[in-house]
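Next come the chains, spelled out residue by residue.
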Amino acid sequence: MITPATPKSWYLPSKPHKFCPGCGHGITLKALGEVIDELEIQDKTIFGCDIGCSLLSWDFFACDSTQTHHGRTTPVMVGIKRARPELITIGYMGDGGGYSIGSQHLLNSAVRNEKVTLILVNNTNYGMTGGQMAPTTLPGQKTETTPYGRDPELTGYPTKGPEFLAELTSDGAYIARGTVAKYKQLKRFIKNALLNQIEGNGFSFVEVLSTCPTNWRTNAQQTWHFLEEEMEKEFPVGELKSPLGKGDK
Amino acid sequence: MSLIKIALAGEGGQGVQSVAEILAEAAYNENKQTIYIPNFGLEQRGGVSIAFIQVGDTRIGAPKFNKADVVIALSERAVGRTAHYSDKNTLYVYDSGFSPAAEDFPQEAKQIIGIPAIDTANNELHPRVFNIIIMGAVIGLTNVVTFEAAKQALEHKLGHKFEKNPDLRELNYKALEIGKKMAEDSLQQEGVSHIG
Amino acid sequence: MQKVISETKKAFMTGNETAAWAALAAGAEVMYGYPITPQNEIMHYWTRLAPKYDRKFLQTEDELSAGFTTSGAVQAGVKAFTATAGPGNVLMQEPFGMAEAMRLPLLAIIQQRGGPSSGTVIYSQQEVTLTTYGGNGEGHRIVYSTATHQELYDYIIKGFNTAWKYRFPTFVLGDGYQAKMREPLEIYDPEERGIEMVKTYPLIGREGHIGENREPQHLCNIYSLEEELYDVVMKTSAEYEKISPEIVEYDENLCQDADVLIVTHGVVSRAADDAVKALRAQGIKASYFRPITLRPFPAKQLREAIAKSGAKKMLIAESAYGQLDRLTKQEIYGETIVIDHLFMPGVGIVDHDIITKVKSML
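Protein chains in written order, with the numbering used here: chain X, 122 to 370; chain Y, 93 to 288; chain F, 2 to 363.
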């Protein structure tokens with residue numbers, strides 16, 4: 122029997138992981154695991170995760186890891202990186218943690234060009250708490266707190282994280298948006314985001330379009346349709362800013 | 093010496109806090125126990141600046157006090173603002189260039205004395221040494237530090253300016269002396285002995 | 002690490018300047034902070050001195066960030082601290098709570114200002130409850146309440162050691178008066194005084210190769226099951242109680258024979274000390290007890306002071322409306338001594354205030 126290769130940097134005692142069937146976190150973390158292996162940074166990586174579904178990754182890797190509070194992964198990673206610049210810090214969070222409750226940290230660490238890598242999973246809702254509206258919820262999308270669909274008149278339009286971070290950051294920052302629907306590209310973006318930190322260029326950020334069939338209440342086909350059609354239309358995929366000379370629009 | 097509590101109050105820019113700092117440092121250099129605390133923050137912004145100084149031989153208790161041995165109020169507003177620090181044992185000194193309303197003066201004081209510090213600075217010396225006259229006056233009223241220690245502390249604080257312009261040194265020393273004499277004369281006229 | 006102070010020096014400085022020197026002398030490598038009065042000058046002095054001694058600083062976007070960045074640095078094994086006051090202390094309860102949960106050795110200097118809300122920027126003792134028991138936890142913290150600049154210096158140095166030895170978040174609780182006033186103290190190098198500085202070590206970011214000579218470290222503060230959390234909290238509580246007798250500090254005077262026992266903490270204890278002397282001089286048998294650690298509280302020692310003094314009355318005086326009072330009462334539950342109070346929230350207390358109050362009680 123052939124089993125899919127497991128990244129060396131995965132922590133096997135915590136597998137199988139606890140994400141829901143069809144959730145995009147597993148794909149994202151697989152790409153990240155493979156990149157950690159390829160860059161041979163397992164021993165000096167600090168993986169930090171937020172509250173929300175991302176917290177289920179607290180023991181996902183065989184890397185030193187720390188779980189923080191909702192929205193506070195960014196400052197914890199900044200605090201570590203500034204204190205110990207030789208470490209590779211990876212902050213892992215959801216759209217609520219990054220764009221809502223922790224937005225001041227995201228914005229200011231981007232402005233300061235903090236040499237950390239942040240990976241933000243955008244699944245258009247608060248998954249862990251039961252499917253409430255997120256900053257990234259699409260107009261008209263139904264959630265537990267927008268049962269009649271998100272009305273932009275009342276709650277605005279979806280947050281375009283990479284776009285505003287690309288505007289805010291100075292030279293040296295790496296900003297991209299990938300999707301779990303395009304694995305190779307996503308992995309390349311994550312790798313670039315880590316290379317950018319290793320090279321000491323500046324702030325590195327990847328938003329990952331991801332799936333949440335549990336809260337979307339979608340079957341496999343509907344899930345994939347929402348991700349590839351609805352979400353990508355609102356959130357264009359590609360590298361928005363790269364000092365690495367490997368731009369991929 | 094027993095503990096001496098001084099409240100110095102004026103408008104922002106009159107140099108009340110720098111005088112307090114120099115005096116406190118002079119007392120510290122004479123191996124006395126000293127606490128100096130400014131009022132600060134919102135209270136001070138656009139308000140009356142007050143410096144609280146205490147000098148003694150033994151460890152000093154609370155950093156602020158309710159009643160002072162000497163209050164020096166250097167503006168009209170400062171008089172109203174500091175009246176409550178005065179009681180029957182307080183020497184309450186204000187600049188006679190102002191005419192505060194009678195009700196602004198303290199209800200109780202050992203003696204209320206006006207001194208012409210601002211006029212003297214403007215007419216006989218230079219407006220910029222007004223605060224040094226006040227520093228001299230504090231010494232004249234309290235003997236809280238020796239004249240020598242005050243000069244040394246001045247040198248420490250302003251030495252770099254004196255280096256560039258030696259005339260300034262003379263001006264400051266003169267201001268200190270005039271202030272001291274002004275206070276001593278006032279005490280004599282009023283028949284009050286100095287504090288401390 | 003470069004020595005900051007080669008030989009003991011007399012100094013005449015503000016409490017905030019004292020705090021910066023103490024942190025430097027203690028070998029702190031990093032300060033993360035956010036401006037709020039009356040602690041600002043700790044940052045001002047740190048940012049002037051730190052580059053000379055190869056230490057680091059970041060002005061963060063808010064107090065949440067200051068607390069969390071500090072918690073990150075200490076996890077990575079770096080001696081780090083922050084400082085705050087008032088509403089900043091409120092915000093920092095979130096990272097302080099995480100530090101409590103994860104046993105992070107962070108040190109925070111709190112210069113209390115008036116409250117509630119923005120209150121005043123000047124002074125109070127109204128952050129006692131917040132600093133000892135803030136957050137959604139059990140108060141597993143160590144809180145030193147200082148009264149003089151010398152203590153501020155001594156307890157900041159000690160506080161780093163306490164934090165790293167026991168791994169409980171540690172606080173040095175000052176106030177706006179202590180922050181802004183100048184008074185004499187001695188500054189010194191702790192090692193020269195025979196104070197051994199506890200070595201820091203990384204909780205994450207450790208040496209070695211994962212899977213070969215070490216296991217990965219997984220730190221967390223959330224648990225799937227009630228029972229898991231219960232076990233953690235019970236274990237932490239047991240450890241806290243076990244080490245408490247080693248940490249507790251207090252000061253007392255004339256507690257051998259007294260009619261009234263005056264309990265104060267922090268800067269107010271200076272006035273209490275003077276008041277006791279003045280009252281004794283007038284033939285009134287007053288005595289003085291002061292918890293230096295508010296957490297853990299010297300409950301045993303206070304009970305002993307009550308017993309040996311034979312005092313029938315206790316006065317609790319504080320620049321707050323009953324925060325030390327509540328803390329003390331819960332710690333000496335069951336004592337029958339009559340407790341009176343002098344609550345002066347947000348204003349200073351002088352010896353005269355205490356003397357007058359004591360006389361009215363007898």
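Hints are computed from structural coordinates only; laboratory data are not their basis. Mixed in with the good hints, there may be bad ones.
[Claimed, not checked] Below 27 angstroms or equal to it, Euclidean Cα-Cα: the simulated DSSO-like pairs (lysine-lysine) are:
| no. | chain 1 | residue 1 | chain 2 | residue 2 |
| --- | --- | --- | --- | --- |
| 1 | F | K57 | Y | K249 |
| 2 | X | K151 | X | K354 |
| 3 | X | K165 | F | K57 |
Just so it is clear, the structure is predicted and the values come from calculations on it, not from any experiment.
Hint-by-hint comparison with the structure:
Among the hinted pairs, K57 (chain F) with K249 (chain Y) is inconsistent with the structure: their alpha-carbon atoms are about 30 angstroms apart, more than 27 angstroms. A C-alpha spacing of about 25 angstroms is found between K151 (chain X) and K354 (chain X), which places the hinted pair at or below 27 angstroms, so the restraint holds. Distance hint between K165 (chain X) and K57 (chain F) is fulfilled; the C-alpha atoms sit about 21 angstroms from each other, no more than 27 angstroms.
Going down the numbered hints, you'll see the structure goes against just number 1.
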